[in-house]
Amino acid sequence: MVKLRNVTKVYRTGAFGGGKLKAVEDVSLSMEQGKVVSVIGESGSGKSTIGKMILRLISITEGEILVNDKDISKLKGKSLKEYYRTVQGVFQDPFSTYNPVFKADRVFDIIRAEYFSDMKAKKWREKVESSLQSVGMVPEQVLNKYPHQLSGGQLQRLLIARALLMDVDVLIADEIISMLDASTRVDVLNLLIDLKDRGLSILFITHDLSLGYYISDYVVILYRGSIAEMGYTDKVFYNPIHPYTRMLLTSVPRLDQKWEESEEELMETQEIAADSLEDRCKYYDRCHFAAESCGKPELKKVEEGHYTTCPRR
Amino acid sequence: MAVSVKNLKIYYQTLRGQVQAVDNVSFDIKDHEILGMAGESGCGKSTFSNSLVLLKPPMKFMGGRVELDGESLPLADFRKMNEFRYKKISLIPQYAMNALNPTRKIGRMIAELLASRGVSFSKISRELDRRLKLVNLNRSVMKMYPFELSGGMRQRAVMVIATLLDPSLLLADEITSALDVSTQKAVAKMLVQFRDMDLVKSLVFVTHDISILYQIADRVLIMYAGKAVEIAPTKKITKEPLHPYTRLLISSLPDVGVKYSERRLAGIKGRPPGLLNPFPGCRFKERCPVRFEKCDKEPPLAEVSENHQVACWREVGNNG
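Chain order of the listed sequences is G and X.
Once you know that position 207 of the first sequence is 207 in our numbering, the rest is easy, because the numbers rise by one and skip nothing.
Once you know that position 175 of the second sequence is 1175 in our numbering, the rest is easy, because the numbers rise by one and skip nothing.
It is possible that some hints are incorrect.
Claimed, not checked - For lysine-lysine, the following DSSO-like pairs were computed, each having C-alpha atoms within a straight-line distance of at most 30 Å:
#, chain 1, residue 1, chain 2, residue 2
1, G, K127, X, K1269
2, G, K20, X, K1087
3, X, K1123, G, K258
4, G, K235, X, K1297
5, G, K235, X, K1123
6, G, K258, G, K20
7, X, K1269, G, K35
8, G, K127, G, K103
9, G, K76, G, K3
10, X, K1030, G, K258
11, G, K35, X, K1236
12, X, K1269, G, K103
13, G, K74, G, K20
14, X, K1030, X, K1087
15, G, K74, G, K103
16, X, K1143, X, K1236
17, G, K235, G, K301
18, X, K1259, X, K1297
19, X, K1239, G, K258
20, X, K1105, X, K1087
Hints listed in this document are in silico derivations from the structure and should not be mistaken for laboratory results.
Using the sequences and the hints, build the whole thing.
Given below as structure tokens:
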């Protein structure tokens, strides 16, 4: 379905674009049909950048992204527009996605104007309604309403319905439930699972490990733009190898167990010059097992369907 | 009793009427206690913490009493509250990262802040150094502008500033919500440390995330649509919640180790009621799975067992 091969993204920074920031470095991963892949990382780990590159909202600096065996990195104009019939994205903030002046269902009209301009009004209405039903909403309750009349969960589901109008194969879900309340976020999560069961591939980008565990078949743990560990969800969560993954898992606040008085120092990274880590593991400065011998690590297989850059422990 | 809140009513004045954001809320906070306050957006939890610090229009004080160390707070009098602000009651705001003045170096900002409270900077300078060390900040941050600090560093700087005068009551409003899990843990533990070292007497930790309260809070207060619906010690409320809302809220949380294929979580149907002229009776009744006739009357927050108060007719009924 979707394959990333050695993808790298470099942002230009500074006033005249003189500085360079490697947001994503040499990332390879693949998504299969009907599976949920979670990309988990802290802020600045490059997780959203990966989603945006697949959506072609930003360019790809190096490497290639294959969607249905076609390289999409060079798509332009018409072919790029056609590409959006197979891949769509939903983003974090449902409240600012809508124009408050217009009714919320205007997002559907825009799709019609761009992609289904020859469809009859009646048939279009049926299509919208069936799409709304597939995300578990009653069309009469949400059509003809202004954004402020709908809840965050409803707005977010409307956006998913909008993406589904295109008969997409791949959905990029970038932190789509982090702005929703606890009581409604589960409904959106469950909706994603239903869609997945119907064959949709979902890239679920999140910083929340428990959500990632709940929903995904496969997880990718990102740290500073590189993959630290990836594998089938159960394998990574029950047998975490990389020190970063282990640290993340012990930091998650849980309802069934208290944070132990862990010996681990959990302060965030001090900003250090990127150069000094040039040929080191990216986690070197925070790692408790860091040793002089830590070089630039490569992703290695630890067991079937489980890879990590740090073979330690 | 360090803090006692009695029948507090804070409404918002709008053109269409009054929004009853905090309605008849009563509870106590003991000395040396961390009280967690949890609820969904719009439940009044931020309104509560803001009202104690900066009660200004459209926020309106409608009645009730808040006592701090035996003194009644003049909440309705904006000027008189100045005596208490920052010295006795301090707030770490929701967007602590943006709470710093971007045009001032941190040190100068602190000096100005202290001057406005009539405290001399040089007297407190030593203590400030000690506090900065406590949160792992270098003294050099005093000479930096806020944009030179990372999000976590700014958060810690604000924590130091907010607690500099050893307030009796510290209100922490959603301070961990925008942070990564590892930073979140560090910040939460620091707050506990502040309490343990007696830098703050009591602490109200406002959040929507119950699992973080489980880690640090002594007692938890659950708010729903402007009302306090349940108060109990943390362990009790997470293990044996009584109010239907608390139960549904806790069961809807995904935890590490819960997968959809094993246990499919369920959300709560519907959405919280509008607080502009809310319907009479229990405010949760429209979404409640165990609603019955009595719910059309407002349930009182009643003690059902030791230290455990619930506002639900089902539970109150059990005890007569």
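*Kindly indicate which numbered hints from before are broken by the structure, ordering the numbers from low to high.*
2, 3, 4, 5, 6, 11, 15, 16, 18
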